[in-house]
Amino acid sequence: MNVKKLKIFIIATAALALCVCLMCALTPESAEVADAVTLKQGSTGSLVKTMQTKLINWGYLSGKADGIFGSKTKAAVIYFQKKNGLVADGIVGTKTAQALGMSLSGSTSKPASGGNSNSADLNLLAHVVYGEARGEPYTGQVAVAAVVLNRVRSSSFPNSVAGVVYQSGAFDCVSDGQINLSPNQNAINAARDALNGWDPTYGCLYYYNPRTATSKWMLSRTVKLNIGNHAFC
Amino acid sequence: MAKKKEVQCPQIIEVQDKKSKKQRSPRVIKTAVLGVVIGLMASAIAGLSVALYYSTVNVRTHESYQRQMDAVYFRTYYDLIDGANDLGISLKKLGVSTSPKMQQSLLYEVWSAASLAENDLGTFQSEGDGLKKAQKFINQLGDYSHALAIRVSDGKPLSAEEREKLVKLGEIAEAYLSALEKIKEDVDGGKLFVGDGGALEGIEDAFSRFAEPDFAYPEMIYDGPFSDALEGRTPVALTGEEISPEEGEQIVKKYFGAQDVTFAGEGKGDISTLNYTFRADGGEAFVQLGKMGGRVITFNMSSYDAPAVRQEAGATCQEAAIAYAEKLGFHDMRTVWSSSADGECVVNLAPVQDGVVLYPDLVKVKLSESDSRVIGFDATHYAFNHKPRELASPALTSQQAESRLSVPPVREGRLALIPMRGTKEALCFEFECESGGTYFVYIDALTGKEANILYVIDSESQGMRTA
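These protein sequence lines are chains H and W, in that order. Okay, so the first sequence: first residue is 1 according to the numbering used here, each after it adds one. Okay, so the second sequence: first residue is 1 according to the numbering used here, each after it adds one.
Hints listed in this document are in silico derivations from the structure and should not be mistaken for laboratory results. Heads up, a few of these hints could be off.
Claimed, not checked - Below are the EDC-like pairs computed for lysine to aspartate or glutamate, each with C-alpha atoms no more than 20 Å apart in a straight line:
(1) K449(W) with E460(W)
(2) K216(H) with E212(W)
(3) K64(H) with E460(W)
(4) K216(H) with D205(W)
(5) K182(W) with E204(W)
(6) K64(H) with D371(W)
(7) K93(W) with E204(W)
(8) K216(H) with E219(W)
(9) K49(H) with D281(W)
(10) K216(H) with D129(W)
(11) K216(H) with E204(W)
(12) K449(W) with D154(W)
(13) K40(H) with D66(H)
(14) K387(W) with E241(W)
(15) K327(W) with E247(W)
(16) K49(H) with D342(W)
(17) K101(W) with E164(W)
(18) K93(W) with E161(W)
(19) K49(H) with D371(W)
(20) K64(H) with D342(W)
(21) K424(W) with E201(W)
(22) K216(H) with E241(W)
(23) K49(H) with E460(W)
(24) K136(W) with E219(W)
(25) K268(W) with E212(W)
Turn these sequences into a full structure, and let the hints steer you where they fit.
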């Protein structure tokens with residue numbers, strides 16, 4: 001009996017070990033699923049605040065935008081939906097958001113790609129800013145976007161935003177994949193400022209972090225400006 | 001006896017029991033050990049074979065990615081060679097052509113071949129001076145040919161000097177082709193682009209000739225965005241004495257009413273600036289003063305959570321923008337454009353001289369849409385371009401200019417000075433027209449020719465802009 005039990009136990013253990021091995025080998029890296037955001041009663045945050053501000057500005061809601069989706073906000077959303085021929089369910093999904101002139105793609109979900117080709121440059125620039133300089137002061141983020149645009153304008157670099165960004169070895173965020181992170185509103189604003197012409201570097205084509213840079217060629221260049229952790233040249 | 005037997009028997013049984021236990025236990029241990037060993041070996045073998053399987057798959061995937069990458073590089077490379085050949089031939093033909101029609105078509109061919117080459121060249125690495133110089137050569141060659149093509153189409157054939165320059169550029173194009181062919185030896189020898197010791201690593205070397213100091217480029221000054229004339233521009237509007245960081249600090253305190261102003265170093269870009277930061281509305285504001293004269297050139301901060309106050313955005317923002325510019329010493333400004341996105345409004349202002357809007361001297365003001373508070377200011381264009389202009393009087397009336405439009409304008413035309421290719425400016429009548437979209441059409445006030453057309457694009461994320 002004992003021996004049998006032991007055998008069964010051993011075989012079971014071996015089988016279990018095998019299963020674990022197989023499981024480890026077979027389980028793919030869990031993919032991050034970005035779910036679409038909707039705002040409904042109980043939601044809070046800056047998106048709710050933006051939405052409330054818009055509703056207040058247009059007279060659908062009175063009071064202050066506090067960033068909390070309560071029953072009063074819900075009533076205002078339903079009122080807005082009715083007025084605008086939308087399904088009056090009090091939930092702000094893609095369509096209602098569109099009618100409100102706002103985008104629900106904040107930092108919690110991926111911004112809709114494609115769409116308007118005019119925004120492609122803004123989108124790509126915002127990704128670069130977020131991937132390269134999200135920890136930098138706001139002006140430092142504008143400056144990084146401005147460097148990309150200065151390269152587009154320079155005769156020594158490719159003539160499009162994508163050409164400059166994806167030039168081999170040009171930006172670390174492209175080689176380490178951080179360019180694929182979803183940018184936050186700050187990065188988007190910084191990218192837009194640069195597209196509107198703000199350039200705190202006044203024509204710089206390069207930047208590096210003096211604490212981590214190793215390229216001799218880069219370090220030999222004259223630094224024209226320092227913002228945050230970046231030296232611009 | 002019977003009692004003894006009774007007593008003995010259990011003893012015997014006990015001994016026998018102990019014996020059998022002693023006999024059994026090594027067997028159990030053996031089996032256990034064997035079982036564990038077999039189990040471990042089985043799982044090890046299974047684990048290893050799974051690992052082996054996946055590593056083979058990985059290696060194959062890796063190889064297939066590498067081949068795909070190589071294919072992209074090979075395609076780009078062969079396109080570059082083709083393009084370089086085309087460039088050389090077109091430039092040679094330009095050297096002998098005498099008809100403006102032929103010249104124009106050849107110049108457009110050079111422009112188009114150079115655009116393709118520029119695109120392909122950008123696929124390769126970004127560091128290294130040789131490749132950069134080659135890129136600059138290609139860009140300028142295309143841009144110059146384009147500018148000449150426009151000029152020739154205007155009825156002015158190539159001058160002897162321009163032909164000479166094109167011949168010189170043709171020689172550089174040959175050097176460019178031979179640099180590309182150096183890589184061909186590697187490629188013909190069976191080298192791939194990607195990987196250790198791949199042909200990619202040899203590219204910078206192949207173009208090293210371009211970075212040598214004795215490699216002669218002609219000076220490229222013409223009307224185009226890549227003209228050498230645009231390098232090292234001076235900010236003509238910034239005059240006055242050089243100011244010290246302390247004086248600058250006082251200026252920032254005066255204009256922005258901030259107390260905790262920090263000097264953040266100098267900027268030595270195309271405009272020399274003194275930079276300052278201060279805390280404002282929970283964020284950090286960054287101000288740049290012109291070192292010469294101490295004017296505010298830019299001010300910027302990220303938008304803050306503005307209080308929600310009901311507003312008639314547009315008009316209020318525009319008034320606030322003009323008032324702000326006035327406060328900073330930018331007078332006679334008029335709103336020429338405003339656009340909003342994500343709660344921020346950007347108003348473009350231009351100075352007006354003798355009723356003419358000076359577009360090259362734009363000032364941009366960024367405001368928070370909900371309370372019209374200024375959160376950004378940029379007078380870079382103004383700093384580079386603003387000076388009193390000598391404006392010729394128009395040879396056409398507004399009505400005459402209007403008669404050249406294909407679509408009736410939505411309002412009367414107005415006189416404006418607009419930037420042209422390169423550093424040129426042109427006095428034009430500006431008309432806003434509607435025809436399946438909004439257009440701004442510019443009719444040259446001296447020649448009556450169409451000088452430019454802008455089309456308005458409206459996008460949610462970027463606001464309204466023209467292209």
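Status of the hints after comparison with the structure:
Of the supplied pair hints, the one linking K449(W) and E460(W) is violated, its CA atoms being roughly 34 Å apart against a limit of 20 Å. A distance of roughly 19 Å separates the Cα atoms of K216(H) and E212(W); the hinted pair therefore holds under the 20 Å criterion. A threshold of 20 Å between alpha carbons decides the hint, and for K64(H) with E460(W) the separation of about 25 Å lies outside it, so the pair is violated. The hinted pair formed by K216(H) and D205(W) meets the criterion: a straight-line CA distance of about 17 Å does not exceed 20 Å.
Between the alpha carbons of K182(W) and E204(W) the distance comes to roughly 11 Å, so the proposed pair stays at or under 20 Å and holds. A C-alpha spacing of about 14 Å is found between K64(H) and D371(W), which places the hinted pair at or below 20 Å, so the restraint holds. With a C-alpha separation of about 30 Å, the suggested pair K93(W) and E204(W) falls outside the 20 Å cut-off, and the hint is violated. With a C-alpha separation of about 30 Å, the suggested pair K216(H) and E219(W) falls outside the 20 Å cut-off, and the hint is violated.
Note on K49(H) and D281(W): the hinted pairing holds, with a Cα-Cα distance of about 17 Å set against a maximum of 20 Å. Distance check on the hinted pair: K216(H) and D129(W) sit about 13 Å apart at the alpha-carbon level, within 20 Å; holds. For the hint linking K216(H) to E204(W), the alpha-carbon distance of about 16 Å falls within 20 Å, and the restraint holds. Simply put, K449(W) and D154(W) have alpha-carbon atoms about 11 Å apart, close enough for the 20 Å limit, and the pair holds.
The straight-line distance between the Cα atoms of K40(H) and D66(H) is roughly 15 Å, inside the 20 Å bound, and the hint therefore holds. About 18 Å separates the Cα atoms of K387(W) and E241(W), which keeps this hinted pair within 20 Å; it holds. Of the pairs offered as hints, the one joining K327(W) and E247(W) holds, with about 18 Å between alpha carbons and a cut-off of 20 Å not exceeded. Annotation: proposed proximity of K49(H) to D342(W) holds, straight-line Cα distance about 13 Å (limit 20 Å).
With a CA separation close to 19 Å, the supplied pair K101(W) and E164(W) stays within the 20 Å bound. Annotation: proposed proximity of K93(W) to E161(W) holds, straight-line Cα distance about 16 Å (limit 20 Å). As the CA atoms of K49(H) and D371(W) are separated by approximately 15 Å, the hinted pair is consistent with the 20 Å bound. Proximity of K64(H) to D342(W) is assessed by CA-CA distance (about 19 Å); at most 20 Å being required, the pair is judged to hold.
A C-alpha spacing of about 42 Å is found between K424(W) and E201(W), which places the hinted pair above 20 Å, so the restraint is violated. With a C-alpha separation of about 37 Å, the suggested pairing of K216(H) with E241(W) is violated against the 20 Å cut-off. For the suggested pair K49(H) and E460(W), the alpha carbons sit about 19 Å apart, so the restraint of at most 20 Å is met. For the hint linking K136(W) to E219(W), the alpha-carbon distance of about 12 Å falls within 20 Å, and the restraint holds.
Taken as a hint, the K268(W) and E212(W) pair is broken in the structure, with Cα atoms around 27 Å apart against an allowance of 20 Å.
In this structure, the hints that do not hold are numbers 1, 3, 7, 8, 21, 22 and 25, in rising order.
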